[in-house]
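Protein sequences appear in the order of chains E and V. Numbering-wise, the first sequence is residues 1 to 293 according to the working numbering. Numbering-wise, the second sequence is residues 294 to 576 according to the working numbering.
For the record, the hints were derived by calculation from the structure and aren't laboratory data. Don't take each hint at face value.
[As the list claims (entries may be wrong)] Pairwise CB distance ranges (calculated): (1) V/Trp565 / E/Pro59: 52 to 62 Å; (2) V/Gly315 / E/Asn138: 49 to 59 Å; (3) E/Ala178 / V/Gly315: 18 to 28 Å; (4) V/Ile519 / E/Gln127: 26 to 36 Å; (5) V/Phe487 / E/Leu35: 40 to 50 Å; (6) E/Leu49 / V/Gln343: 52 to 62 Å; (7) V/Ile519 / E/Pro196: 49 to 59 Å.
[Unchecked claim] Straight-line Cα separation of at most 25 Å, PhoX-like style, residue types lysine-lysine; simulated pairs: (8) E/Lys274 / V/Lys390; (9) E/Lys140 / E/Lys66; (10) V/Lys432 / E/Lys274; (11) E/Lys199 / E/Lys274; (12) V/Lys522 / V/Lys432; (13) E/Lys199 / E/Lys98.
[Said to hold, decoys possible] Covered by chain V, per the in silico footprint, the following chain E stretches (three or more residues, Cβ under 8 Å): (14) 95-105; (15) 147-157; (16) 208-221.
Model, not experiment: these values are computed from the prediction. Virtual Cβ for every residue (Gly too), placed ideally from N, Cα, C.
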Amino acid sequence: MTQKINTPNRMSEPPSVRLLLIGIALAFIALFLVLPLVSVFAEGLKQGLGFYFQSLRDPLTLSAIKLTLIAAGISVPLNCIFGVCAAWCIAKFDFRGKNILLTLIDLPFSISPVISGLIYVLVFGAQGWFGSWFFDHNIKIIFAVPGIVLATIFVTFPFVARELIPLMQAQGRTEEEAARVLGASGWQTFWRVTIPNIKWGLIYGVILCNARAMGEFGAVSVVSGHIQGQTNTIPLHVQILYESNNFAGAFAVASLLTFLALVTLVLKTWVEYKNTALRGTAFTPVPIGKRAV
Amino acid sequence: MATRRLGAKKLRVLPGFRLTLGFTLFYLGLIVLIPLSAVFVKSSELSWAQFSHTVFSPQALAAYRLSFGASFFAAVVNAIFGLIVAWVLVRYNFLGKKLVDALVDLPFALPTAVAGITLATLYAPNGWIGQLFAPLGIKIAYTQLGIFVALTFIGLPFIVRTVQPVLEDFDPELEDAAASLGANRWQIFWRVIFPTLTPALLTGFALAFARALGEYGSVVFISSNIPMKTQIVPLLIMNELDGFQYAKATALAVVMLVVSFLLLLAVNVLQWWSNRYNTNNLA
Chain E
1 MTQKINTPNR MSEPPSVRLL LIGIALAFIA LFLVLPLVSV FAEGLKQGLG FYFQSLRDPL
61 TLSAIKLTLI AAGISVPLNC IFGVCAAWCI AKFDFRGKNI LLTLIDLPFS ISPVISGLIY
121 VLVFGAQGWF GSWFFDHNIK IIFAVPGIVL ATIFVTFPFV ARELIPLMQA QGRTEEEAAR
181 VLGASGWQTF WRVTIPNIKW GLIYGVILCN ARAMGEFGAV SVVSGHIQGQ TNTIPLHVQI
241 LYESNNFAGA FAVASLLTFL ALVTLVLKTW VEYKNTALRG TAFTPVPIGK RAV
Chain V
294 MATRRLGAKK LRVLPGFRLT LGFTLFYLGL IVLIPLSAVF VKSSELSWAQ FSHTVFSPQA
354 LAAYRLSFGA SFFAAVVNAI FGLIVAWVLV RYNFLGKKLV DALVDLPFAL PTAVAGITLA
414 TLYAPNGWIG QLFAPLGIKI AYTQLGIFVA LTFIGLPFIV RTVQPVLEDF DPELEDAAAS
474 LGANRWQIFW RVIFPTLTPA LLTGFALAFA RALGEYGSVV FISSNIPMKT QIVPLLIMNE
534 LDGFQYAKAT ALAVVMLVVS FLLLLAVNVL QWWSNRYNTN NLA
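Please build the complete structure, drawing on both the sequences and the hints.
Listed below in structure tokens is the structure:
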């Protein structure tokens, strides 16, 4: 009796309870995550490998892939530049209103994708603020490619910034200051001191940003005119195939996006393994300023 | 005063403050603030009668009820199972643990449209899961139950990812102390561990709830989108947009935005509470 009290066992749930909890957790994960994952590929291959690859080689699929690559290719670098700038001024300098700025940067995360698309329709649509000006100059933004790019930029806006800001805040400014005092120029300091320090955070942010950019559906759906071969991204193409009852085709194209998601998870896990400080911050929109670093 | 001076001087050692802050504010204004303000400006063009007619229409009220109800129950289910998953991942060892840990983020990484068609197919009356329930007379896809399933899927990672780090940092000495004072395992969990997890659990709950309220892609396929029955708020907004009813869509968007801002505020307060909790523990 006394011995039991002197050496309390930290993992003291009885084995039966432990097994039960592991069982519940695994059953929940299997039902909600593994089963959908398996079913994407199963449904995609239902009409055979031939049909699967034929669906992927379809010209409409290829043009959707191209548009998705364009949208991600523009939005990811822009949000990357923004993320570095925002993190630099927030982490390396003191100024008033920093907390408000942090909250505003996070804002796109708390807005429904449908509303993210709607705001651009209100600004650039036919009856929008600048709609008539663009119409007069024969520039189409809504129901065209620029609108899709803008909506994609909006929904992926915080990704890089929210990885870099806490990271650079934790690193402080002493290393950069030392470099400057030793005679390095501003750019030299940035490229030789800051970039190597934030490399993994930057890669992490880019991976997450890219995944969302390629997979965004709701916001892009509002501003796209759903013109096949012109304003369809991969997720929108999946919707059209699914709604025209070409299920095997829809799942074949969806399997591309699923593959992208799996690659994202692998890369993310790899970066977390390389840099343990990044663990667990992925995607979860806990406000930047409030996150425990 | 002296420290202030020093701070001001420090500011000049590193270059680029004006450039980076300027670009940050410019880009933020251009991409986020100006377009977002359009919603409020556009809705202010409506008279109160027009606004309230849209916002309090029976169809809108039914959509709010369904959105809040389904999001709430999905977040509750995620709170229970998310806590178990986080607990198992932190405390126990089993085969494939790393794989499960990585897989938890799948709902974030998987595009919502893919999640949508997959869940709709799985839970349809002839789908892998749907056919198990069909003989019992339970329909899941194309009913409110289906919306709940989609929102549960989408909110799954939030609780796990907010609770996990707090559980990892939990000081085992507190458990030892409780045990040596005679508490049993169940008492230790409820009286010692659970109170520490509460802020994180509530934060995760609020985040999952907020995400579910705005969710569109994963719901649109599994919902039959019947007004008053299976139409959540984002679907209703989309319907108005498809009919070029921009004023109506904007009025509903204002309601949604106000709710999201309130939730954001709640998350901020919860995080502040949880940070204070943790520093108290350290002290």
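Tested hints:
1. V/Trp565 / E/Pro59: 52 to 62 Å: Holds - the Cβ-Cβ distance for V/Trp565 and E/Pro59, about 54 Å, lies within 52 to 62 Å.
2. V/Gly315 / E/Asn138: 49 to 59 Å: 32 Å, violated
3. E/Ala178 / V/Gly315: 18 to 28 Å: 26 Å, holds
4. V/Ile519 / E/Gln127: 26 to 36 Å: 29 Å, holds
5. V/Phe487 / E/Leu35: 40 to 50 Å: 31 Å, violated
6. E/Leu49 / V/Gln343: 52 to 62 Å: 56 Å, holds
7. V/Ile519 / E/Pro196: 49 to 59 Å: For E/Pro196 against V/Ile519, whose Cβ atoms are near 56 Å apart, the range 49 to 59 Å holds.
8. E/Lys274 / V/Lys390: Between E/Lys274 and V/Lys390 the Cα gap is close to 19 Å, so the pair holds against 25 Å.
9. E/Lys140 / E/Lys66: 19 Å, holds
10. V/Lys432 / E/Lys274: Roughly 46 Å between the alpha carbons, so the hint for V/Lys432 and E/Lys274 is violated.
11. E/Lys199 / E/Lys274: 11 Å, holds
12. V/Lys522 / V/Lys432: Holds, at roughly 14 Å.
13. E/Lys199 / E/Lys98: Roughly 24 Å between the alpha carbons, so the hint for E/Lys199 and E/Lys98 holds.
14. 95-105: holds (count 5)
15. 147-157: holds (count 4)
16. 208-221: Holds, because 7 residues of the region 208-221 of chain E bring their Cβ atoms closer than 8 Å to Cβ atoms of chain V.
Hint compliance for this structure: hints 2, 5, 10 are not met, and every other hint is.
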